[in-house]
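Under my numbering, the letters of the sequence shown match residues 1 to 573, in that order.
These are computed hints drawn from the structure, not numbers from a lab.
Just so you know, not all the hints are guaranteed correct.
[Stated by the list, open to error] Mimicking SDA-like on lysine to any residue, the simulated pairs with C-alpha atoms at most 20 Å apart in a straight line are:
{"#": "1", "residue 1": "373", "residue 2": "456"}
{"#": "2", "residue 1": "338", "residue 2": "133"}
{"#": "3", "residue 1": "434", "residue 2": "530"}
{"#": "4", "residue 1": "373", "residue 2": "443"}
{"#": "5", "residue 1": "118", "residue 2": "33"}
{"#": "6", "residue 1": "338", "residue 2": "40"}
{"#": "7", "residue 1": "390", "residue 2": "481"}
{"#": "8", "residue 1": "434", "residue 2": "526"}
{"#": "9", "residue 1": "448", "residue 2": "374"}
{"#": "10", "residue 1": "526", "residue 2": "338"}
{"#": "11", "residue 1": "552", "residue 2": "504"}
[Said to hold, decoys possible] Okay, the calculated beta carbon distance ranges per label pair:
{"#": "12", "residue 1": "459", "residue 2": "288", "range": "24 to 30 Å"}
{"#": "13", "residue 1": "60", "residue 2": "527", "range": "43 to 49 Å"}
{"#": "14", "residue 1": "31", "residue 2": "457", "range": "47 to 53 Å"}
{"#": "15", "residue 1": "565", "residue 2": "221", "range": "34 to 40 Å"}
Cβ atoms here follow ideal geometry from the backbone N, Cα and C, with glycine treated the same way.
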Amino acid sequence: MRNISKYLILLSYFLILHFLSAVYSQVRLSQPEYEVKFRFNVRIPMSDGTELSADMYMPDAKGKFPAILIRTPYNNNNSRDRELGPYFARRGYVYITQDVRGRGDSDGIFYPLVNEAKDGYDTYEWIGRQEWSNGKVGSLGGSYLGWTQVYAATMKSKYYTAMIPQVTPPDPFLNFPVQNGVLLLPALEWVVLIDGRSMQDLSLINWMNIYTHLPVIELDQMAGRNSTFWKDWNIHYFWDDYWDKQSYQKKLWKIDIPAIHISGWYDDDLIGTIMNFTAMFNHAKSTGKEKHQKMIIGPWPHAFNRSRKLGDFDYGPDALIDMNQLYLKWFDYWLKGKNTGILDEAPVKIFVMGDNVWRNEKEWPLKRTVYTKYYFHSKGKANSLYGDGKLSTVPPIDEPPDRYTYDPAFPVPFIYNPAVFQLGTNEDQRPIEKRDDVLCYTSDILKKDLEITGPITVKLYASSSAKDTDFFARLVDVFPNGYAMRVNDGMVRARFRNSFRRPSLLIPGKIYEFTIDLWATSLVFKKGHRIRVEISSSAFPKFARNLNTGEKPACDREMIIAEQTIYHNREYP
């Protein structure tokens with residue numbers, strides 16, 4: 001009986017400690033103690049005299065407060081900001097939402113990205129000089145709103161103290177509006193959406209009819225618009241001074257602002273988050289400030305942390321995190337000096353799909369990663385999921401190549417929902433795997449679970465009858481019932497195989513090595529599943545079709561059929 005009593009006392013002691021720890025954790029974060037006052041259409045002058053409009057949510061009290069800035073082309077008075085503004089103002093922050101130049105109530109002319117660095121810098125300087133400011137400003141936002149943060153960060157305002165860029169694209173030539181030099185056709189929907197000063201209706205337009213039109217430089221007119229930057233994106237089809245001037249990632253080494261980088265494994269801008277975190281983390285590590293950079297990647301699409309479900313899959317109750325609390329922990333530490341414990345947390349937090357658990361890591365990519373090579377095999381008939389394509393860790397010896405015909409008039413569809421701004425998630429790929437112009441290489445049934453966490457690359461040895469063409473690769477998780485779940489994919493335009501700056505056409509029939517970046521994932525392929533890699537030459541309408549002519553793609557109308565050959569033998573493994 002005494003032992004039982006001692007056990008109960010000890011258990012009660014630990015429960016009390018746990019309760020007090022939880023209470024203390026909440027108490028040390030800022031609490032809602034202020035009434036909120038609003039200021040709308042505050043005019044903030046830029047250094048060139050242009051005035052930008054901002055709405056401000058402020059504590060209704062005297063004193064000096066830190067600020068959180070959101071800069072957006074999507075209406076600074078949206079429902080999310082109307083929620084977050086009072087949330088932060090009640091907790092002692094000035095929450096500022098600003099229309100970027102030429103959008104909403106801001107003056108000037110909107111052109112994507114070109115003014116975001118200087119306008120952002122001017123805004124941080126203006127905030128820092130206000131009588132209510134404590135001299136510390138943080139930033140928040142995703143997608144283009146992530147861009148506005150990192151561009152401004154390269155200017156190094158002394159008031160810019162902490163940031164949370166989310167689902168942020170990399171340099172615009174690498175992902176959006178073009179990916180590795182290939183135009184994303186749905187970027188046109190974004191062009192139409194932000195045409196003028198207010199958000200435009202996209203529902204009346206038959207996008208598929210527009211996407212099939214040639215030449216692609218005219219697609220803005222087909223959508224009833226006349227966009228300068230759509231034409232510029234098409235004219236500048238390789239990395240020239242136009243794209244170089246818009247590059248911010250070459251300046252990442254300048255940024256020493258503490259940041260939480262957030263994205264999802266199915267975010268179609270995922271690579272930006274990974275590249276930015278890696279560059280800023282490595283720079284911070286050289287100065288002993290690596291704890292100042294953090295990365296979180298969940299089982300989410302571009303519209304991150306909104307649902308535990310994605311497509312046909314439920315990632316469980318832990319798939320969502322309390323973002324508001326995360327924001328508060330970060331900003332309380334950096335902008336108010338509160339000991340929130342945020343720096344004690346792991347620098348990398350990833351969601352491992354399949355097992356559906358969060359895992360803390362010390363770096364990215366993981367040092368303990370065992371990089372494993374898988375090889376293509378076939379008897380020359382890997383066409384479609386009904387072919388003889390195999391995938392294994394055994395190198396090929398003497399095998400015939402696989403061949404398929406790529407006809408730009410009948411491209412391989414890219415499966416996605418045109419009604420949402422998300423270019424592909426975890427859709428079933430079987431509809432396209434039935435085509436003969438899609439090669440499928442499939443592993444044996446897995447005898448045990450296999451985790452794939454980290455960067456993924458496909459090395460392809462191929463020749464083409466065309467002077468220029470595209471090659472696409474996709475990683476697929478094949479379930480026991482045949483469901484072929486997209487994991488991730490990538491592509492290479494042949495003329496850019498060596499350099500984005502110096503395109504080089506192919507010699508028809510010559511064998512080349514192509515590297516296709518599939519970005520990264522964290523997924524456990526379950527026992528009984530199979531691994532599949534698809535190879536094709538189109539993904540329409542996500543990407544503009546390569547017409548195989550070798551001409552400038554913007555004004556090209558002619559289509560040429562390309563005969564593609566994929567090699568896997570001792571010489572070309």
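Hint by hint, here is what the structure shows:
1. 373 - 456: 10 Å, holds
2. 338 - 133: 17 Å, holds
3. 434 - 530: 17 Å, holds
4. 373 - 443: The hint holds at about 13 Å.
5. 118 - 33: 35 Å, violated
6. 338 - 40: 30 Å, violated
7. 390 - 481: 18 Å, holds
8. 434 - 526: With a Cα-Cα distance of about 24 Å, the restraint between residue 434 and residue 526 is violated, given a limit of 20 Å.
9. 448 - 374: 17 Å, holds
10. 526 - 338: Violated. Residue 526 to residue 338 sits at ~43 Å, over the 20 Å cutoff.
11. 552 - 504: 12 Å, holds
12. 459 - 288: 24 to 30 Å: At roughly 37 Å between Cβ atoms, residue 288 and residue 459 fall outside 24 to 30 Å, so the hint is violated.
13. 60 - 527: 43 to 49 Å: Hint violated: Cβ distance 59 Å, outside 43 to 49 Å.
14. 31 - 457: 47 to 53 Å: The hinted range 47 to 53 Å holds for residue 31 and residue 457, with Cβ atoms some 48 Å apart.
15. 565 - 221: 34 to 40 Å: 38 Å, holds
Of the numbered hints listed earlier, those contradicted by the structure are 5, 6, 8, 10, 12 and 13.
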